[in-house]
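Chain order of the listed sequences is A and B. Take any residue in the first sequence, note its place counting from 1, add 761, and you have its number in the numbering used here. Take any residue in the second sequence, note its place counting from 1, add 1010, and you have its number in the numbering used here.
Just so you know, nobody snuck in bad clues.
So the derived label-pair ranges between C-beta atoms look like this:
#1 B/Glu1027 x A/Thr873: 37 to 43 Å
#2 B/Leu1094 x A/Gln802: 28 to 34 Å
#3 A/Thr775 x B/Pro1050: 29 to 35 Å
#4 B/Lys1080 x A/Gly857: 17 to 23 Å
#5 B/Gln1067 x A/Lys774: 45 to 51 Å
#6 A/Gly845 x B/Glu1020: 23 to 29 Å
#7 A/Phe830 x B/Pro1128: 44 to 50 Å
#8 B/Ser1112 x A/Ser783: 24 to 30 Å
#9 B/Gly1110 x A/Leu844: 30 to 36 Å
#10 A/Leu844 x B/Lys1065: 43 to 49 Å
#11 A/Arg824 x B/Ile1056: 26 to 32 Å
#12 A/Arg871 x B/Thr1028: 32 to 38 Å
Keep in mind that the hints were calculated from the coordinates and are not lab data. Because the structure is a prediction, the values reported are computed rather than measured. Ideal placement from N, C-alpha and C gives every residue a C-beta, glycine not left out.
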Amino acid sequence: KAGVTQTPRYLIKTRGQQVTLSCSPISGHRSVSWYQQTPGQGLQFLFEYFSETQRNKGNFPGRFSGRQFSNSRSEMNVSTLELGDSALYLCASSLGSMGEIGYTFGSGTRLTVV
Amino acid sequence: AQTVTQSQPEMSVQEAETVTLSCTYDTSESDYYLFWYKQPPSRQMILVIRQEAYKQQNATENRFSVNFQKAAKSFSLKISDSQLGDAAMYFCAYRSAYSGGSNYKLTFGKGTLLTVNP
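Could you put the whole structure together from the sequences, leaning on the hints where they help?
Okay, here's the thing in structure tokens:
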């Protein structure tokens, strides 16, 4: 059974550019969530989607957006990149709508903004 | 809002010995889930063990077990017979069992870096 797939694994962007990260959940998982991981702030919640609906959004500026498609795949977009957006972005999927049995994470996308 | 605290930024253990990682959390809810995740240098977060707040029995997964103290809001992870492959960052996480916008997320602690010495 394939795990959670995140692409690309590494990305280098210039300040002011925009970026799109992709996440393919485990087959059958309808809940997808995104987290930003940095050494200073740790793991911070970005968004959560279930059946194409955004159910929760973390405390991030409007430059961060996301969506989920009918096949449960999800994308997140960051516009007007800032140096502080450099981070590991993790995607997680869950079988249950409440995440009760746990979340399976992807290997992340390492974004570097220069 | 819920918070999760891991008071030990780093821990070390000798191979084959036992180590306990601490986690405390703050919540006003009575129903929730608690998780321990392991993040090795490969970056992928791996679920180690989960606990439901309404289950009094402590969860166990092979060499990993928890000490769940609901009243004290404490959720420690015990690793027995430590192996070199256990070396990683360990995160404690909280998930509300209630539906509703702000509940749809995991709240993580800052993590504990575990070193296993041969």
